Amino acid sequence: MRRKNILSLVIISLVGLIMLALISAQIIYSESINPQERFIEIKARKFSFTPNIIKVNKGDTVKIRFISEDVHHGFFLDGYQIQTKAHPGQEGSLTFVADKTGRFTYRCSVACGEFHPYMAGYLTVEPNLRFSVFGLIIIFIGLTSFSFIVFLERREKKNGQR
Amino acid sequence: MAKDKLFGLIDINWRFELTRFKLIRSLFKSRWFPLTIILVNLFLFVIILLAGLLGGFSPGNFNFGVMMVWILWWVLLMFVLVPVFSRIWCMMCPFPIFGDWIQRRRLLMVAEGKLGGLNKKWPKKLRNMWVMNIGFLMTTFFSGFFTIKPLATFILLGSIILIAFLLGIIFEKRSFCLYVCPVSGFQGLYSQFSTAEIRRKNFDICKKHKPKTCFVGDKKGYGCPWLVTPFSFKKNTYCGMCLECFKSCPYDNMAFNIRPPGVDLLVKEKRGLDEAWKSFIMLGIAIVFFMTMQGPWGFLKDMVRMTTWQGWLTFISAHSLISLVVMPGIFLLFSYFSRLLSGNKEISVRNIFINFSYTLIPMGLGVWIAFSFGIILPNGSYILHILSDPFGWGWNLIGTAGFPWTPIWTNLMGYFQGATLVIFYLFSVAYGYRISKQTYPKTEEAIRGWIPILCFLTLIVIVFLWLYLG
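As they're listed, the protein sequences go chains A and B. Per this note's numbering: the first sequence = residues 1 to 162. Per this note's numbering: the second sequence = residues 1 to 470.
FYI, nobody ran anything at the bench for these hints, they're computed from the structure. Fair warning: there could be bad hints in the mix.
[Stated by the list, open to error] Short, incomplete list of chain B residues facing chain A, as computed with Cβ under 8 Å:
(1) F62
(2) I148
(3) F290
(4) M293
(5) P296
(6) W297
(7) S388
(8) W466
As the structure is a computational prediction, the values presented were derived from the model and not from experiment. Yeah, the Cβ is synthetic: ideal placement off N, Cα and C, and Gly gets one too.
Let's have the full structure, built from the sequences with the hints guiding it.
This is the structure in structure tokens:
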């Protein structure tokens, strides 16, 4: 019985180590990629952006050309807290270094109509460590809780037999 | 016998009675409470309705009605009112006041004798959550309107108030709140998780007290308007916290307790498919709401706001399918695996399905709290504007009409959402195994039967994590 308990502990520790290794590998891989300059043209139209999902790597310099195709729109990037605006025929622009990782929502910052509060797009700066870390925490909790239950029940059973 | 401790820390039978304090007990026994709060809320809702009516089709983010209801009220409900204080919103809700007035013929004091109105009994077959389930789901079909268009908010709230009034005339007591109100169902479901409860204190006192004034009423208070039996009920789901039982109990045997979160999930009474489906519907709605409102997909937004009939019909069909069929279907499959792995063939899959559906309650609440961060943090600053100019008439009552749109802590939103999902997942897991032990008679069966459900919970929470952060 004790062997099984030790085995459970070893498995949990291994899972934890594997998770740490996965996150480290993600970080090391992202560090190994050379930063690039990214030119992105974003078009805004009631109530969506094109492209609506953008992916860049950490360290990239992102240059955005912001175009409105109908009314006055804005572009606000969560996390970086930067913004630009555009009227039809009058573009906006934005340049920044993608030094924070994760998924960030960009939103229209000018009230452009009824669905304006929900006009959004995603910029993902790889590696998305926030998602990886929380995901691994959840898996770890699931596995640990199960091992813990098995451990406790076996101990109780053993005590009962005595 | 060893105490059952949540996370090995909090005894799940621990209670702290707030009504032990004389001031709180006197307040709860006063007929002015909660009437005063209801009247304040009624005044607020008159302004909300007026703003909705006058706002017409203007953008909702500058409308008092839309912002107060769908941003402030919703977020308060999900962040504080339900998880902490159970159905405290029902305590202060102004919607049924007109029906109550007809029935009682007065607002403050107790009317003796038979209540007014037709006083009919609610149909037996509908004494469950199904009407609320379908009603709430159908309400969300129009989410692309009432969350953004003031007039749509007016029509929705106005309809709820009118239905509450009409049903108050026809059916006894709070039948509307119990069986129809779209807001009531999910509050009832998630209030099982909340950290507050109303319960009787001493079983023996209630046993000896034959008149059962808490149920039939007396000179000081009405018999339970929510048709529960205050002397014996065991879970928050159907207690509207109206406090009448505090007034009508001659022995002061009712208590308002603070307790560990989620303990009602272990109450076996009144578990049913209606409550199980409520959990799935709430998860389905969370997925659909997130994708349409906080997601980047413009074509979904077009569908929701009915730019074409075809698009909207596709949206409501997919939405219904996800909430009513796909989610429960996948869970049914995992429930079947649970039975298979447990090795116990005597327990029905139906029982396993129903019992384990209660593990979704903490997680579901967490999913909605995480979703609500995405509503309040980017849009909360609009509230300052509408407080100064509630009708869009160019007023500047408190000097904040010109306050610019300012997203607050949106840089931290992912962390808030991730942490919320993790915390509530922990509660689901903690209660899940206890429910497994209730479901399967032998420990070994409970352990094995728990594995597929744990996998399901983990899978679902990862899906939401991906939606919010991935």
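- Task: Kindly indicate which numbered hints from before are broken by the structure, ordering the numbers from low to high.
- Result: Checked against the structure, the hints that fail are numbers 3 and 7, while the rest are satisfied.
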